[in-house]
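Engineer: Given only the sequences and the hints, what does the whole structure look like? Please build it.
So for the sequence shown, numbering that gives the first Met the number 0 puts the first residue at 0; every next one is plus one.
Quick caveat, the hints were computed from the structure, so don't treat them as lab data. Each hint should be verified, as a subset may be incorrect.
Claimed, not checked - In silico lysine-lysine, DSS-like type, Cα no more than 25 angstroms apart, as pairs:
1. Lys53 to Lys70
2. Lys109 to Lys80
3. Lys87 to Lys109
4. Lys5 to Lys31
5. Lys5 to Lys70
6. Lys39 to Lys60
7. Lys53 to Lys31
8. Lys80 to Lys60
9. Lys80 to Lys70
10. Lys80 to Lys39
11. Lys53 to Lys80
12. Lys94 to Lys53
13. Lys73 to Lys31
14. Lys44 to Lys31
15. Lys73 to Lys53
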Amino acid sequence: MSIVDKISDAEWEVLQIVWICEEATATEVFDKLNHERRWKKNTVKTLLSRLVEKEVLIYEKKGRSYIYQAKYSKEECMQEKNELFLSKFYNGGVKDLFASFLRTEKLSQKDIQELRNMLEEIEE
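Structural biologist: Okay, here's the thing in structure tokens:
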């Protein structure tokens, strides 16, 4: 099982805060999440503990506080998440993913030109 496959949606929210802060205490994570969510502090502590158990976060004890850091970068996790998504829904093919979007989404001329530019950059 992959790293990201075992992370719940709630744990992703906590992990996002840790990535933004680079290192954070449970209180700091709680304070940042409390603007969006009405979670209790114990809920945040539980989610942090689960991420440590899943070896996604590491921590260091400083005095009475635990300082949490991500074991993996956001880019590493997003890459893995993208690969899992492609594998699960599009047989691993990026072409099939884009074809699906292109059939269902309306693209402006600007969007089309930007996509062409990206493809040209890849070809170079």
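Engineer: Of the hints given before, which are not true for this structure?
Structural biologist: 2, 3, 8, 10 and 12
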